Amino acid sequence: MAEGFERHRQPWTSDEVQKLHRLAKKGMPLKAIAKALTRSEESVKIRAKADGLGIAKLR
Numbered sequence: 001m002a003e004g005f006e007r008h009r010q011p012w013t014s015d016e017v018q019k020l021h022r023l024a025k026k027g028m029p030l031k032a033i034a035k036a037l038t039r040s041e042e043s044v045k046i047r048a049k050a051d052g053l054g055i056a057k058l059r
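In the numbering used here, the protein residues as written are 1 to 59.
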């Protein structure tokens, strides 16, 4: 089975949002941010888009 996330559909805490903003501004890739926040990449992507953040793309 693939890596499962036990925090399914949990609301974002203000600490997590601050950490997301900080990591995105540093230019970290989506996968690294998701791992640091223990959230799915999709969840991070949706939240970043809602907050108007750009996430670095790996090339």
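I should point out that these hints are in silico values taken from the structure, not numbers from a laboratory. This structure is a prediction, so every number in the text was calculated from the model and none was measured. Among these hints, one or two may not hold up.
Claimed, not checked - 30 Å max Cα-Cα, derived DSBU-like pairs, lysine-lysine:
#1 Lys57 to Lys31
#2 Lys19 to Lys49
#3 Lys57 to Lys25
#4 Lys31 to Lys49
#5 Lys19 to Lys31
#6 Lys35 to Lys19
#7 Lys25 to Lys45
#8 Lys19 to Lys57
#9 Lys35 to Lys45
#10 Lys35 to Lys57
Hints, verified against the model:
The straight-line distance between the Cα atoms of Lys57 and Lys31 is roughly 10 Å, inside the 30 Å bound, and the hint therefore holds. With a C-alpha separation of about 15 Å, the suggested pairing of Lys19 with Lys49 holds against the 30 Å cut-off. For the hint pairing Lys57 with Lys25, the CA-to-CA distance comes to about 13 Å; that is within 30 Å, so the pair holds. A distance of roughly 15 Å separates the Cα atoms of Lys31 and Lys49; the hinted pair therefore holds under the 30 Å criterion.
With a CA separation close to 14 Å, the supplied pair Lys19 and Lys31 stays within the 30 Å bound. Restraint check for Lys35 and Lys19: the C-alpha separation of about 12 Å stays at or below 30 Å, so the hint holds. Our distance criterion of 30 Å between C-alpha atoms is met by Lys25 and Lys45, whose separation comes to about 14 Å. A distance of roughly 18 Å separates the Cα atoms of Lys19 and Lys57; the hinted pair therefore holds under the 30 Å criterion.
Between Lys35 and Lys45 the CA atoms are separated by roughly 13 Å; this keeps the pair inside 30 Å, and the hint holds. This hinted pair checks out: Lys35 and Lys57 have alpha carbons roughly 15 Å apart, not beyond 30 Å.
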